[in-house]
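Since the structure of chain D is provided, determine the placement of chain V on it from the hints.
There are 2 protein chains.
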Amino acid sequence: MKLLIVGGVAGGASAAARARRLSEDADIILFERGPDVSFANCGLPYYIGGAIAEREKLIVTTPERLRSRFKLDVRTRSSVEAIDRTAKKIRVRDLASGREYEESYDKLILAPGAAPLRPLIPGNDLPGVYTLRNLEDVDRIKKRVDQGVKQAVMVGAGFIGLELVENFVKRGIATTVVELQDQILPPFDKEMTTPILETLIAKGVTVLLGQSADGFEQGSGGLVVRLKSGQRLPTQLVILGVGVRPESKLAVDAGLEVGPRGGIRVNEFLQTRDPDIYAVGDAIEVKDFVSGDPAQVPLAGPANRQGRIAADNVFGRSSRYRGTQGTAIVGVFDRTAAMTGASEKALRRANRPWRKVYVHPTHHAGYYPGAEAMTLKLLFDPTTGKVLGAQAVGGAGVDKRIDVLAVAIQAGLTVFDLEEMELAYAPQYGSAKDPVNMAGFVAGGLIRGDHPQTDWEAIGLTADKPILLDVRTPLEYANGHIPDALNIPVDELRNRFADVPKGRPIVAYCQVGQRGYLATRILMQAGFPVSNLGGGYKTYLLHTPNFNPKD
Amino acid sequence: MKLLIVGGVAGGASAAARARRLSEDADIILFERGPDVSFANCGLPYYIGGAIAEREKLIVTTPERLRSRFKLDVRTRSSVEAIDRTAKKIRVRDLASGREYEESYDKLILAPGAAPLRPLIPGNDLPGVYTLRNLEDVDRIKKRVDQGVKQAVMVGAGFIGLELVENFVKRGIATTVVELQDQILPPFDKEMTTPILETLIAKGVTVLLGQSADGFEQGSGGLVVRLKSGQRLPTQLVILGVGVRPESKLAVDAGLEVGPRGGIRVNEFLQTRDPDIYAVGDAIEVKDFVSGDPAQVPLAGPANRQGRIAADNVFGRSSRYRGTQGTAIVGVFDRTAAMTGASEKALRRANRPWRKVYVHPTHHAGYYPGAEAMTLKLLFDPTTGKVLGAQAVGGAGVDKRIDVLAVAIQAGLTVFDLEEMELAYAPQYGSAKDPVNMAGFVAGGLIRGDHPQTDWEAIGLTADKPILLDVRTPLEYANGHIPDALNIPVDELRNRFADVPKGRPIVAYCQVGQRGYLATRILMQAGFPVSNLGGGYKTYLLHTPNFNPKD
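Chains D and V supply the protein sequences, listed in that same order.
The first sequence begins at 0 in numbering that gives the first Met the number 0 and counts up one residue at a time.
The second sequence begins at 0 in numbering that gives the first Met the number 0 and counts up one residue at a time.
So that you can see chain D by itself, here it is in the shape it has in the complex (with noise of 0.2 Å):
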């Protein structure tokens, strides 16, 4: 067996390592195009703030380590330009010496990887505009910044985006972001960002919303970055993390088919139409776990265990690849925001029904010192109750919670199902009800018809605009309270019927949910037409912040 893998960093090293373990006699020549192999890509960001200091930190190995450890060969800088499928042979060509030569092989393994997405706009490669995909890219990045940058702008508020922004802050660079999008973090729903953009703008960083660059100037003082809007943004420093591009030329060229987004399509065992050519990675085309639809999902993850599918298959194991799921975290300072399945706005493009609910819990007991806030988002079936799709933000203790819903729309577990969950509690890890059992009881409640749900945005819409019932303390109320609503705390609500309008359509609301949900049955059964706003005033303050970041 010949095996050649083009690509040597996620998918390709683990497939390459894979290999060996299956198959001491295979040839397997691995093909990096660039100087390093397999380095921890989602480090980059945290190398040029300094949290990681050393660069050697960002090598996960190296071609000397592959060679001695899995007997590969290993060729680095070696770009692969052509696949004869028909002779089954590449041609390679050496970037150093720009010596060009053929290599044939048995099977092939794709693995290029994705390629960040430079606008097509004036100025867009002066000296100081970069973007982020490797160690070259990152150790250009560092130098700038070291060399004294006052004033960054990062063009685009994905995930490494905004990492690269509090790493900027952490360095004392005045940055500003520019989303073409109403919100930042665009895979994720609009409200559960809100938290997010609040620290953003705390930690002094600008964000410009729903704007674009179209072009960059070499200024007097360094580069000015010109919006659409006509803003201009003096600057060192243009990151453009406007997203990638499967590097899928090479597969096209060779007559191998791509998605629409330019991904190589694979089968679930992730071969491509060509049985001796896989292709595993940020360059594939993958089945989303949650629809079922085609998707391009650029997670490390998953391009590991994609490599080992791959080379299992090579070698006659049959293995499948289940699809992605989009489990994705990120950390903006003390802030963290994760995901798992599908978000509305997914469900909504797709036209499936879905119902949602919102819990505000702490991470830990709240009696225990150094509980932390989170909002936990559940997306489920309205009828069966399964797990569609998962967000959290908040501090320490997202990350478990999306991890333990992940698992469960892995599963095909249902909300019933959440709300039977035996989770790890002492007071310093979980509460005696977890945050997810509380989603489980309130989605579940919701099924069932205990307590009607009224979700904020469908306020208004309706012709017979409700009641809004605050059933909070006095306090809470004059603290702050949505437009327009009566306050009768729920503990007065048994004595004080007399006092709820009758005629219009009630919706009960607290501060979280928990109350109102009391309210609610309480009132349903003294037979008035009654709901709860779903997540309470917390979710209300998350659909309408009180801040404009465009300000």
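Please keep in mind that the hints were generated in silico from the structure rather than gathered at the bench.
Among the hints, erroneous ones may be present.
[To be verified] No more than 20 Å apart at the CA atoms, straight line, and that leaves these computed lysine to aspartate or glutamate pairs for EDC-like:
#	chain 1	residue 1	chain 2	residue 2
1	D	Lys286	V	Glu256
2	V	Lys88	V	Asp273
3	D	Lys142	D	Asp287
4	D	Lys56	D	Glu80
5	D	Lys286	V	Asp416
6	D	Lys70	V	Asp490
7	V	Lys70	D	Asp26
8	D	Lys70	V	Asp273
9	D	Lys70	V	Asp449
10	D	Lys56	V	Glu371
11	D	Lys1	D	Asp26
12	V	Lys56	D	Glu371
13	D	Lys344	D	Asp380
14	D	Lys56	D	Asp72
15	V	Lys70	D	Asp287
16	D	Lys385	V	Asp416
17	D	Lys537	D	Asp483
18	V	Lys142	V	Glu256
19	V	Lys56	V	Asp124
20	V	Lys70	D	Glu371
21	V	Lys202	V	Glu53
22	D	Lys248	D	Glu101
23	V	Lys286	D	Glu419
24	D	Lys385	D	Asp287
25	V	Lys248	V	Asp93
26	D	Lys142	D	Glu55
27	D	Lys88	D	Asp105
28	V	Lys87	V	Glu256
[Said to hold, decoys possible] Chain V regions said to be covered by chain D (calculated; three or more residues, Cβ under 8 Å):
#	segment
29	55 to 67
30	292 to 300
From the three backbone atoms N, C-alpha and C, an ideal C-beta is built for every residue, glycine too.
Only chain V this time, still in chain D's reference frame:
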């Protein structure tokens, strides 16, 4: 509907609140023998140590709150003395006045909890000898500690016992732990408790295993604990933490069935043999979720959920309790130990086939600062790969992995599903290959036969003592290795087959198992009779710790 609930802490209070949400009309009376309802049991040790500074933090809710919010008739300091099932009434004793009276019921929920065992040995009621169950107990203990205690003896090394020990040490008290078994934290497998034992010893705690107290005496400067070994421990404070016994006398007297360990027998609807009487919480016998056998598992999470389920059934909703997994966690200084599902010893007792793997990853990417080590042990069915249990010990992130695996067990997932789990990865939170994925890879490979594994306990059991082959670097070998092991680094192995002894089985090992796995693959494919030592040298060290706590 007239519903009486006996016991107002976790299960009882949950049942009462749920009952009210289900029915505004029902008469609901909650009887509690103590002065408090719904307090934070799990926080009690931390109040003694001072981490929880204010006593009122321990009060989850008050009788007044339950009255005003849930319209409950809450009767504290009220002891339910008898149940007349025929007449459907109970006899209540008001502990304040001594008055006795009867109360009739349509439905009755028993949530009396479990009482700490007080071994029948001389002096067990001397002043200074305590058990810990409720706020009155914690007040007594804290008062004594506040008055000045130099030495304390903890009898029993269970979860709450070790939490108390930590808090005593933080108060500057020289503490000795006396445990009858040959390990601390008896629900865990012994080797997994080694890091916790090491921590206790490092913090100056004296741990006496395989020993028990046979009496307490009033000495000149305080108390003396007499051990069966003859040893005498001078002390000013003794806590008895040797387990709990279900408070099932009321149920037994009423002719309800209890199990061999005293737990009230209930069906899946949490109904006793009397269809009008339900029972929940620490007082009941539950079904072990993994084995299906009856078990006694006193945990706050299940108690709360059971309260909810019993209330559902009382009000005509068919709600089932699925059994208890025994997910539990304990923090001891900066270490965490957690488990879910079956332990290895439970599987051995049940005579159920199993295999196990150990992995020793860090809790997040090693290249990001602050990565903390953990050991994760996974137990699974050797044929199907179904996950049967998991235990983890280490620093940060232990709770997350056990929660993920608790869901895997709940969902009936296999080790092959663990390989595919898509968990959240950014360098501060996890790894592209999460510890749970890693455990899945190792276990999956074991079942697939990719790498035969020998467990440490099995070495020496065979007539044919194997060659131990240490495939780490010479430096690692020099720093400590298994006696009689031969050192050939994995990177040299392919060129040194001649140095590998023939004619005897080989057990390869490295630090954690990964290089041992590669060595096993290399040697297998070269025709050697080889296996990998499960979990490598680190697991060996857990089994054969470098200290003797009895010294």
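Need the status of pair V/Lys142, V/Glu256: alpha-carbon distance at most 20 Å?
Answer violated: V/Lys142 to V/Glu256 is near 40 Å, above 20 Å.
Are the Cα positions of V/Lys87 and V/Glu256 separated by 20 Å at most?
holds (17 Å)
Can you confirm whether the C-alpha distance between D/Lys537 and D/Asp483 stays at or below 20 Å?
holds (17 Å)
Take a quick look at whether D/Lys88 and D/Asp105 sit within 20 Å of each other, Cα to Cα.
holds (9 Å)
Do the alpha carbons of D/Lys286 and V/Asp416 lie within 20 Å of each other, as the hint requires?
Given pair D/Lys286, V/Asp416 holds - Cα atoms ~17 Å apart, limit 20 Å.
Does V/Glu53 sit within 20 Å of V/Lys202, going by the straight-line distance between their CA atoms?
violated (26 Å)
Does D/Asp26 sit within 20 Å of V/Lys70, going by the straight-line distance between their CA atoms?
Violated, at roughly 76 Å.
Given the proposed pairing of D/Lys56 with D/Glu80, does the C-alpha separation stay at or below 20 Å?
violated (31 Å)
Taking only the CA atoms, is the gap from V/Lys56 to D/Glu371 under or equal to 20 Å?
Status holds; Cα separation ~16 Å.
Just to be careful, I want the Cα atoms of D/Lys344 and D/Asp380 compared with a cutoff of 20 Å; is the pair within it?
holds (14 Å)
Are there three or more residues in the segment 55 to 67 of chain V whose C-beta lies closer than 8 Å to some C-beta of chain D?
n = 4 at 8 Å, threshold three: holds.
Just to be careful, I want the Cα atoms of D/Lys286 and V/Glu256 compared with a cutoff of 20 Å; is the pair within it?
Since the Cα atoms of D/Lys286 and V/Glu256 sit roughly 53 Å apart, the hinted pair is violated (cutoff 20 Å).
In the structure shown, a violation is registered for the earlier hints numbered 1, 3, 4, 7, 8, 14, 15, 18, 19, 20, 21, in ascending order.
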